[in-house]
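If you want the building blocks of each chain, they are given just below.
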Amino acid sequence: MGSATIGLNHFLVLSGILFTIGMFGVLTRRNAIAVLMSTELMFNAVNITLVAFSRYLAPAAFTGQIVAFFTIIIAAAEATVALAIVLLIYRSFQGINVDRINFMKW
Amino acid sequence: MTDAFLTNLAFYVISFCVIAGGIFVVSSRNLFHSAVFLVFTLFSVAGIFVMLSAYLLAAIQVLVYVGAVAMLMIFGVMLTTQLSNVRIRYMNEQVWPALLICAGFLALLVYGLTDTPFATGNVAAPVEGAKAIGTLLMTKYVLPFEMVSVLLLAALVGAIVIAKKD
Amino acid sequence: MFELRGLIDTIWGWIAGLLADIGLSAGLVQLIGYAIIAAVLFGVIALVVLFLVWWERKVSAKMQDRLGPMRVGWHGIIQTIADAMKLLQKEDITPKNIDFPIHFWAPVITFVAAFMVYVTVPFGKGLIVADLNVGVLYIIAITTFTVIGLLMAGWGSNNKYALLGGFRSAAQVVSYEVPLTLSLLGVIMISQTLSLGTIVGQQDGFFKWYVWRQPLGFVIFWIAATAECNRTPFDLPEADSELVAGFVTEYSGMKFAMFFLAEFLNMFTASVVAVTLFFGGWMSPFGPDFGPSWLWFFAKTFFFVFVLMWFRWTYPRLRVDQLMGFAWKVLLPLAFLNILLTGLGIYIFD
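Chains as they are written, first to last, in my numbering: chain A, 924 to 1029; chain B, 2 to 167; chain C, 51 to 400.
Treat the hints with caution; some may be incorrect.
Sample of chain B residues lacking proximity to chain C, with all beta carbon distances greater than 12 Å (derived) [unchecked claim]:
{"#": "1", "residue": "MET79"}
{"#": "2", "residue": "TRP97"}
{"#": "3", "residue": "THR115"}
Simulated restraints, written as ranges between beta carbons of each label pair [to be verified]:
{"#": "4", "chain 1": "C", "residue 1": "LYS379", "chain 2": "B", "residue 2": "LYS165", "range": "54 to 64 Å"}
{"#": "5", "chain 1": "B", "residue 1": "LEU153", "chain 2": "C", "residue 2": "LEU266", "range": "18 to 28 Å"}
{"#": "6", "chain 1": "C", "residue 1": "TRP363", "chain 2": "A", "residue 2": "THR994", "range": "45 to 55 Å"}
{"#": "7", "chain 1": "B", "residue 1": "ILE163", "chain 2": "C", "residue 2": "LEU266", "range": "47 to 57 Å"}
{"#": "8", "chain 1": "B", "residue 1": "THR115", "chain 2": "C", "residue 2": "ALA85", "range": "32 to 42 Å"}
{"#": "9", "chain 1": "B", "residue 1": "LYS132", "chain 2": "C", "residue 2": "PHE256", "range": "44 to 54 Å"}
{"#": "10", "chain 1": "C", "residue 1": "ARG369", "chain 2": "B", "residue 2": "ILE163", "range": "38 to 48 Å"}
{"#": "11", "chain 1": "C", "residue 1": "ILE72", "chain 2": "B", "residue 2": "ALA108", "range": "14 to 24 Å"}
Here are the simulated EDC-like cross-link-like pairs (lysine to aspartate or glutamate), alpha carbons at most 20 Å apart as the crow flies [to be verified]:
{"#": "12", "chain 1": "B", "residue 1": "LYS165", "chain 2": "C", "residue 2": "ASP181"}
{"#": "13", "chain 1": "B", "residue 1": "LYS132", "chain 2": "C", "residue 2": "ASP371"}
{"#": "14", "chain 1": "B", "residue 1": "LYS132", "chain 2": "C", "residue 2": "ASP400"}
{"#": "15", "chain 1": "B", "residue 1": "LYS165", "chain 2": "A", "residue 2": "GLU1001"}
{"#": "16", "chain 1": "B", "residue 1": "LYS166", "chain 2": "C", "residue 2": "ASP181"}
None of these hints come from the bench; they were simulated from the model.
Just so you know, even glycine gets a beta-carbon here, dropped at the ideal spot from N, CA and C.
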């Protein structure tokens, strides 16, 4: 990286890399919980972007931080419900590999 | 932390932790290891928030993600993993296409992000974030705040109903 | 007069001058400064913990009309150091079918997390490493790492007792964290800040201690904190009669010592938070300038540690269902009631 000080772009690129890693996980992992963890990585990447924009574009308004705050809460709610579903799937399929749960597909 | 050297060092160390942790999360064969690396990554992201002077958000990140979400993940892993030494495929057959797509997406993203001129001024970091955010949540953003609380309640009840044995 | 801040500033000024003289940049000097602060803090906390282990044994001995350790040093005061040496020399047994990295890192994470809390604790007048403006939240957030450590220990050991102990402790700590956090909210509502330094600064006088305005909050906090540290009557995670030793079953040598020290450290942390938020921190009862502040801080904190030890030798252990029911059906509604009352109080009196 050429520039001497850390700026907005550094955080955005970091967030992009993290998002891509999460996306790769969602696309390739077979285990449902691993997929969930990868989505958490994507959520976090987006949060970094939001907070970075909030810090560098309008630090006094806190809009980005508040949206990131809501993202965290909703991610927690999502994780709860998703894990409940995963447990249910585990009980009826004796496994949680997402490529096996295809009985809706003909 | 006014010194540029320290800031740069901190940023690169934390970024390395975030990226390495993320790679281990998606590539680790052992799910429990994935979950532990997820904790590590989320904690490093809190470090990034500190660097962006979002201290309240960093604390909430650790509290909610490490204390709740990651713990749920670990519980999920513990409850659904069959303890066997059979080595099964842990990735599906789309690894190479996915890698290609992700690389392309990342290249596009980095190009787009670094090429866009953002209107960054030399604005100073706000000092007292917690109070301002709290006030905003109770005034300007009170409707989303209440809706999120209803959503949380719904998620709580929903999760119990779904996971309950009948 | 007896304050340590001036002394520390003088010593650090001397060291920083020395480092600058040999040509280090300001950033590097700052980095070395942080490292020294961390090392000193670690040393002080380690000494406190060693003392606490000895003290627990002495207190329990006195309560059971025994003598306790008497041989090594005056009244056995360096018994803990002897024990630590013994544990260091012991063979570090790693069972066969364990998940090694998880098993190895669990005690490290628990110990480091227990130690990291002290970054934002005001030990005395000016004796605070970093007065974070989210201090209270920081402490609550960092202590959640303990649970991750316990779960890792339970899972990594590949042992049914360890796993059950890990599960139990995770469930317990997560449940009691909710009333604990809510009970601290009352103090935060009155003080209008999350910074521990400011909260202590507001309690300059015996009757300004927040315990007088938050008695219910303090009681809830103290019960929940006892459960958080896995102390009797809430010591189910390592109920020796049911679970061998809970999540530490498969640990030996140095790793066991780390769990053991982390447990005592958590006990000290609970007392520190109680003192800082409810009992004026380093403020003496007679105003801010009576006697050395750090001495008052440690005196109060050790008193609360003593109360925890007293609990241990007074109460029997709860059952699992009683434990969970108590957290969700008694403490949580009381914590909400406390918040409501605090809000009403602020509305009426301010």
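We went through each hint and held it up to the structure:
1. Not every beta carbon of chain C lies more than 12 Å from that of MET79/B, the smallest distance being close to 6 Å; the non-interface claim is violated.
2. Chain C leaves TRP97/B outside its interface by the beta-carbon criterion, the shortest separation being 29 Å against a cut-off of 12 Å.
3. Chain C leaves THR115/B outside its interface by the beta-carbon criterion, the shortest separation being 27 Å against a cut-off of 12 Å.
4. At about 19 Å, the CB distance of LYS379/C to LYS165/B disagrees with the hint of 54 to 64 Å.
5. Look at LEU153/B against LEU266/C: about 25 Å separates their beta carbons, and that is inside 18 to 28 Å.
6. In this structure, TRP363/C and THR994/A meet the distance hint of 45 to 55 Å, their C-beta atoms being roughly 48 Å apart.
7. The supplied range of 47 to 57 Å is broken by ILE163/B and LEU266/C, whose beta-carbon atoms lie about 36 Å from each other.
8. THR115/B and ALA85/C have their C-beta atoms about 35 Å apart, which keeps the hinted 32 to 42 Å range intact.
9. The given range of 44 to 54 Å is broken by LYS132/B and PHE256/C, whose C-beta atoms sit roughly 28 Å from each other.
10. Against the hinted window of 38 to 48 Å, the Cβ-Cβ separation of ARG369/C and ILE163/B comes to about 28 Å, which falls outside the hint.
11. Distance hint check for ILE72/C and ALA108/B: the Cβ-Cβ separation is about 46 Å, which falls outside the suggested range of 14 to 24 Å.
12. Taken as a hint, the LYS165/B and ASP181/C pair is broken in the structure, with Cα atoms around 45 Å apart against an allowance of 20 Å.
13. Proposed proximity of LYS132/B and ASP371/C is contradicted: the alpha carbons are some 39 Å apart, above 20 Å.
14. Distance restraint check for LYS132/B and ASP400/C: the Cα-Cα separation of roughly 18 Å lies within the 20 Å cut-off, and the hinted pair is therefore satisfied.
15. For the given pair, LYS165/B sits about 17 Å from GLU1001/A by alpha-carbon distance, which is consistent with the 20 Å threshold.
16. Taken as a hint, the LYS166/B and ASP181/C pair is broken in the structure, with Cα atoms around 48 Å apart against an allowance of 20 Å.
The earlier numbered hints that this structure contradicts are 1, 4, 7, 9, 10, 11, 12, 13 and 16.
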